[in-house]
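S.K.: Sequences listed follow chains A, B and C, in order.
Numbered by the numbering used here, the letters in the first sequence go through residues 1 to 141 in order.
Numbered by the numbering used here, the letters in the second sequence go through residues 1 to 141 in order.
Numbered by the numbering used here, the letters in the third sequence go through residues 1 to 141 in order.
Where hints are given, some of them may not hold.
[As the list claims (entries may be wrong)] BS3-like, lysine-lysine: derived pairs with alpha carbons at most 30 Å apart:
{"hint": "1", "chain 1": "A", "residue 1": "K106", "chain 2": "B", "residue 2": "K89"}
{"hint": "2", "chain 1": "A", "residue 1": "K132", "chain 2": "B", "residue 2": "K94"}
{"hint": "3", "chain 1": "C", "residue 1": "K55", "chain 2": "B", "residue 2": "K106"}
{"hint": "4", "chain 1": "A", "residue 1": "K94", "chain 2": "C", "residue 2": "K132"}
{"hint": "5", "chain 1": "C", "residue 1": "K132", "chain 2": "B", "residue 2": "K132"}
{"hint": "6", "chain 1": "C", "residue 1": "K132", "chain 2": "A", "residue 2": "K97"}
{"hint": "7", "chain 1": "B", "residue 1": "K79", "chain 2": "B", "residue 2": "K97"}
{"hint": "8", "chain 1": "C", "residue 1": "K55", "chain 2": "B", "residue 2": "K111"}
{"hint": "9", "chain 1": "B", "residue 1": "K106", "chain 2": "C", "residue 2": "K106"}
{"hint": "10", "chain 1": "A", "residue 1": "K97", "chain 2": "B", "residue 2": "K55"}
{"hint": "11", "chain 1": "B", "residue 1": "K132", "chain 2": "C", "residue 2": "K106"}
{"hint": "12", "chain 1": "C", "residue 1": "K55", "chain 2": "C", "residue 2": "K97"}
{"hint": "13", "chain 1": "A", "residue 1": "K132", "chain 2": "C", "residue 2": "K132"}
{"hint": "14", "chain 1": "A", "residue 1": "K97", "chain 2": "B", "residue 2": "K132"}
{"hint": "15", "chain 1": "C", "residue 1": "K97", "chain 2": "A", "residue 2": "K89"}
{"hint": "16", "chain 1": "C", "residue 1": "K55", "chain 2": "A", "residue 2": "K55"}
{"hint": "17", "chain 1": "A", "residue 1": "K55", "chain 2": "C", "residue 2": "K106"}
{"hint": "18", "chain 1": "A", "residue 1": "K79", "chain 2": "B", "residue 2": "K55"}
It is worth saying that the hints were derived from the structure and are not from the lab.
Computed from a predicted structure; not experimentally measured.
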Amino acid sequence: MKKTLLLAPALALFLGYAAISQTPAGPRHRVVFQLSEPEGPAWSSLAVHVNNTMKSLADDGGSQVEVVFYGPGLSMLTKSSAAYEEPLKQLSDKGVKLLACRNAMKMRNVKTEDLFPFAGQVDSGIAEMVRKQEAGWAYIH
Amino acid sequence: MKKTLLLAPALALFLGYAAISQTPAGPRHRVVFQLSEPEGPAWSSLAVHVNNTMKSLADDGGSQVEVVFYGPGLSMLTKSSAAYEEPLKQLSDKGVKLLACRNAMKMRNVKTEDLFPFAGQVDSGIAEMVRKQEAGWAYIH
Amino acid sequence: MKKTLLLAPALALFLGYAAISQTPAGPRHRVVFQLSEPEGPAWSSLAVHVNNTMKSLADDGGSQVEVVFYGPGLSMLTKSSAAYEEPLKQLSDKGVKLLACRNAMKMRNVKTEDLFPFAGQVDSGIAEMVRKQEAGWAYIH
């Protein structure tokens, strides 16, 4: 009984420490990219930037990456941007989530069938980036 | 007395947990937007983006939003940009803080009376966004 | 012995608190700026923005600042941009780290000797900004 009393505080300390130090399962780094520009340098450099970032973080615990497309940037994720299908599909095949903003889809009259088949959707692109930052993701624009 | 000794570690654990899990009062989500561009798409889409974000977060604990105006973006918050007064006033009426950077005001010779009456002011727009991020706000540019 | 049993939970609580409240040594505020634009307003306003930010944070615990140069922004940190050497050197002399992205250097065939002598280097500019955000730095673009 005396022993129990002595161990209890140590247990409390350990549990407190465990609560602080616990990390989410999966890759160590998590990054959300914003793609809101019309066609131009932001589109042509996206795949290079994401690939370089993932390569750099690969030896350091790995990374989970999302790209949020909204505003004029939504068009990059539609079938009308055929030149970008292959580099975007390669990102998707590596596990990068490519997400269209439904608000932008409504405003620009883009239907689900207009998007590349590997595109995901979120209710609001900005709200998605807010939630990710709150969950500890880094934000890059 | 023995009972007290047994309860004390549990209390320590509980207090430790409470210290970790306590959240600030008010809305669950907090977002600071940067508006530093000259007149163009960034101006015309600002109200839509803020409104969509707040609507999306309304069902999820609500949001507190600030927009920081500096650089060429400061002009959007001045009476010379009459076309933007109504949408900005509507944001202000919803509780969105619209803040002019005093460094930008000095550099561009903008006086308090040149700003829309609902505009607030901060010493440095960038320092404001730094402090907000440090306080757990999401940052959107 | 009884006394020890009573003190142990208090110690556990104190250690838990200390673990939560400990802050890194050095300035209170830490900011990483992104400079990825071609020559234009982003270049000409950089030193003003960094200086104003540091001035504003000086009375509030001080700041540590980094600027990450990549994409078309890398050129600002090369000797070919002679007009920017003096303002950038002044930032460097104040302790601001000016960092070139090695991925951008490879892509744009920029050698170490092409950079201003006060320039530092990082493997990936974006990965650097990710790591800084993860370490609690504010991010400004």
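S.K.: Need the status of pair K132 (chain A), K132 (chain C): alpha-carbon distance at most 30 Å?
M.R.: Given pair K132 (chain A), K132 (chain C) holds - Cα atoms ~16 Å apart, limit 30 Å.
S.K.: Would you check the hint for K55 (chain C) and K111 (chain B), treating anything up to 30 Å between C-alpha atoms as holding?
M.R.: Judged against 30 Å, a Cα distance of about 21 Å means the pair holds.
S.K.: Is the straight-line distance between the alpha-carbon of K132 (chain B) and that of K106 (chain C) 30 Å or less?
M.R.: 36 Å, violated
S.K.: Has the given pair, K55 (chain C) with K55 (chain A), been kept, meaning a C-alpha gap of at most 30 Å?
M.R.: Judged against 30 Å, a Cα distance of about 37 Å means the pair is violated.
S.K.: Taking 30 Å as the top limit, are the C-alpha atoms of K106 (chain B) and K106 (chain C) close enough?
M.R.: 41 Å, violated
S.K.: Are the Cα atoms of K55 (chain A) and K106 (chain C) separated by 30 Å or less?
M.R.: 15 Å, holds
S.K.: Going straight from one Cα to the other, do K55 (chain C) and K106 (chain B) come out at no more than 30 Å?
M.R.: 15 Å, holds
S.K.: Tell me if the straight-line CA distance from K97 (chain A) to K132 (chain B) falls inside 30 Å.
M.R.: The hint holds at about 28 Å.
S.K.: Would you mind confirming whether the straight-line C-alpha gap from K97 (chain C) to K89 (chain A) stays at or under 30 Å?
M.R.: Violated: K97 (chain C) and K89 (chain A) sit about 37 Å apart, past 30 Å.
S.K.: Take a quick look at whether K97 (chain A) and K55 (chain B) sit within 30 Å of each other, Cα to Cα.
M.R.: 24 Å, holds
S.K.: Are K132 (chain A) and K94 (chain B) close enough, with their CA atoms no more than 30 Å apart?
M.R.: Given that 30 Å is the threshold and the Cα spacing comes to 24 Å, the pair holds.
S.K.: For the pair we were handed, K106 (chain A) and K89 (chain B), check the Cα-Cα distance against 30 Å.
M.R.: The given pair, whose Cα atoms are some 25 Å apart, holds under the 30 Å limit.
The structure is inconsistent with the numbered hints 9, 11, 15 and 16, although it conforms to all the rest.
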